[in-house]
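Chemist: Here are the chains, one letter per residue:
Protein chains: 2
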Amino acid sequence: MSMSDGGARPGRERLVVVGGDAAGMSAASQARRLKDPDALEIVAFERGHFTSFSACGIPYWVGGDVAERDQLIARTPEEHRERGIDLRLRTEVTELDVAGKRVRARDVDSGAESWTSYDRLVLATGARPVRPELPGIDAQGVHGVQTLDDGQALLDTLSRARGRRAVVVGAGYIGVEMAEALINRGYEVTVLNRGSEPMSTLDPDMGRLVHAAMEGLGITMVNDATVTKVLTGDDGWVRAVATEDAEYPADVVVLGIGVRPDTALARAAGLPLGAHGGLLTDRAMRVRGHDDIWAGGDCVEVLDLVSGQQRHIALGTHANKHGQVIGTNVGGGYATFPGVVGTAVSKVCDLEIARTGLREKDARRVGLRYEAVIIESTSRAGYYPGASPMTVKMLAERRTGRLLGVQIVGREGAAKRVDVAAVALTAGMTVEQMTALDLGYAPPFSPVWDPVLVAARKAATKVRGF
Amino acid sequence: MSMSDGGARPGRERLVVVGGDAAGMSAASQARRLKDPDALEIVAFERGHFTSFSACGIPYWVGGDVAERDQLIARTPEEHRERGIDLRLRTEVTELDVAGKRVRARDVDSGAESWTSYDRLVLATGARPVRPELPGIDAQGVHGVQTLDDGQALLDTLSRARGRRAVVVGAGYIGVEMAEALINRGYEVTVLNRGSEPMSTLDPDMGRLVHAAMEGLGITMVNDATVTKVLTGDDGWVRAVATEDAEYPADVVVLGIGVRPDTALARAAGLPLGAHGGLLTDRAMRVRGHDDIWAGGDCVEVLDLVSGQQRHIALGTHANKHGQVIGTNVGGGYATFPGVVGTAVSKVCDLEIARTGLREKDARRVGLRYEAVIIESTSRAGYYPGASPMTVKMLAERRTGRLLGVQIVGREGAAKRVDVAAVALTAGMTVEQMTALDLGYAPPFSPVWDPVLVAARKAATKVRGF
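Taken in order, these protein sequences are the chains called A and B.
Be aware that the first sequence starts at 0, since it is given in numbering that gives the first Met the number 0, and climbs by one per residue.
Be aware that the second sequence starts at 0, since it is given in numbering that gives the first Met the number 0, and climbs by one per residue.
Hints should not be assumed to be uniformly reliable.
It does not matter which identical chain is used: a pair holds within one copy or between any two.
Unchecked claim - Pairs of lysine to any residue, SDA-like flavour, derived with a Cα cap of 25 Å:
no.	residue 1	residue 2
1	100	367
2	228	127
3	228	285
4	457	36
5	457	72
6	457	74
7	457	426
8	457	332
9	461	36
10	457	108
11	461	371
12	457	32
13	461	82
14	461	426
15	457	204
16	100	460
17	100	279
18	360	89
19	457	337
20	461	291
21	100	70
22	360	187
23	457	81
24	100	456
25	100	230
26	228	162
Quick caveat, the hints were computed from the structure, so don't treat them as lab data.
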């Protein structure tokens, strides 16, 4: 142990947390709840200015639904410190010495470096947005939206952009949410989508509904678009985005292409990574083969309970659960994170989009044969004011009838219905069992057969063959 | 077989359905889907004017949210007849001869009676509203709201009532929904409630929230009120409702005290009835001990999957499921209705109310020890516009941690969250398992921990004891 880390007080252990967002600070907070400072010292390193912020909320801040940046901060650095967590902001961990049980951290502003030893370590280094190596990608006016600093930079650009033309690259969750944000700011929005339909987390037949709805909102959706470069004016500002086929004038460009696990530190230290580049953990969120190191949040891979395979899913709700599990275990309790079923919900203006479980291509990839059905229903009893149409797609395994996945596109009341399928997937229910589910019914909330049950009935009929 | 029934054609069976609403006509329709008229003759008797109507929609028609009575009719008599169902309206079945496999029906208008033989019989005789034997209960202006005729009669009274004072007797689902309807019609509404808090389907601590919200809507809620008589003017119209303690002036009175299975016919025929007066069936919805008789809808008792006991629950969504199961079995297929978990949702203006599973007193009655928790959360991320408060109560069994029940009171987005608990109850999940559920998260739809998960975490902590 070097002098620079101060050394842990005798009789107490030191927990070091790398990354001060959802997973890291949830872990720190939960560990603190279970162990007081005399028993556990907690040091948390965060390279940015903020802790515990809602990255998922950035599109709504940019779009103006959320007025102030600070509303997105669940817990400030001061609040963490008051709870006895030694939080070091603007401090990046640059090296992990597994054998020596220590990390090297660098003060981002001064450049000063020092080693800190740990008894237990939590890696919560998050994810990095994909930023393609394209000519012009670093032009002024081209923005990612991963951090609060990114959001502020984008808002600054919007406040001084010379025109009202926005190009969003990517048509996944971030892309469609940013399209909404920019529409709300009065921009003409073009979305450049590499795939055949937006929302590739849905099957194309459901993505097509999103496409149509986005066009209906005045968003120009360009599918099968391969971006080749960003065109820049003499002033260094973006002026257009070029694809293989065309040029799209742009006063501002938002990149929403997805994220990758940020595991450079772990990789250099020789920790086990999966096929998606994320850290591999056991059920207790302990890094495989390393009893003293836990990992959670956007930097890990998780078990998909439906396919049985590892996936990488960057989502705040998982990160919080991971942190809770890690903090419980580090604090001397016991908790596990069993895995995910792949639930995600989103919206573009009043269009709601939801999915859980496997798409058709996921099922094929893991060798599952399935029946797929699509039904139309409504959010409330058809006669009740505000009843809006909803399309539900459901996949069930052939022969067994086991539910494999659900996708929903609709208006108000559509998205959160996917939760019923998420629980049914977790429980391993068949679609036949689902037809009997005792879901809440009253005319303002549902038709007498809830849309999810209508889909289950159709899927069960198809599985049975009569 | 008497001459009057015409006799079934050789080689085809006759199905007789008693009761032309949700369960009966669902059964008839599904049987018809599976067997064509050459194989199965279907005769359905309905004593009223209508078929397949939404009784649950009546409060919204009375309140003006639904403009026309006919919007509440899912399928008209003509539509049923076009599908090859011999539907006889205004025809009441007055006797069931089980040994002779025939029913006696009376034309309500002419009084003419005749016997009709059956090969298979479906009893879907529904429920009757409780109408206490009180002096004055038959006064003009005192209304039930069970049938479309009831609804029309109430609307007629509203259109000519001399004043704007309404008294609703009963504070369950029908009572609170009728209170909303009458508020919407501009009435001063007083609700007389026998219990200590409204919505006795909730625990009193949750009912208290409904009480407060209803008072906030300008509804006068009188708890612990025992109605003793209805006071009538010289013109035969209601003028007040008296309780043991006070008199409440009324220009119109709505009775919403609950319903009982309408099983007089079955009782006279010696069919098996349960403790709640409902018909007892097996899982296929066949009346116990009677291979050729099925029963479903509001006239049967159902198995409560959480308590393991029989219950009577009058709800259109169950009736439709029963009908579907019966029709499948009668049509030569195979289906079962496993039971209910007791889910119900309702609203009073913008207040949403939901429950599933056991209340504290239900758990005690069946000898289950439990932990109960109550949490406050919001419908969306706290920073997202429209986030509204929500209270969730959760019961879990001691030691096992098995979920026993959930109650929710809140605003927009509160009620249907109970579906997650309904599926978890059906699957026999523990609250610890629930803490890991992969529910849909995005700021417009949920806090990063969904309110149901917040409750599950607190319940799991209490069960574990740390």
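Chemist: Under the constraints set out in the numbered hints, which ones does this structure not fulfil?
Modeler: 1, 3, 10, 16, 18, 20, 21, 22, 24, 25
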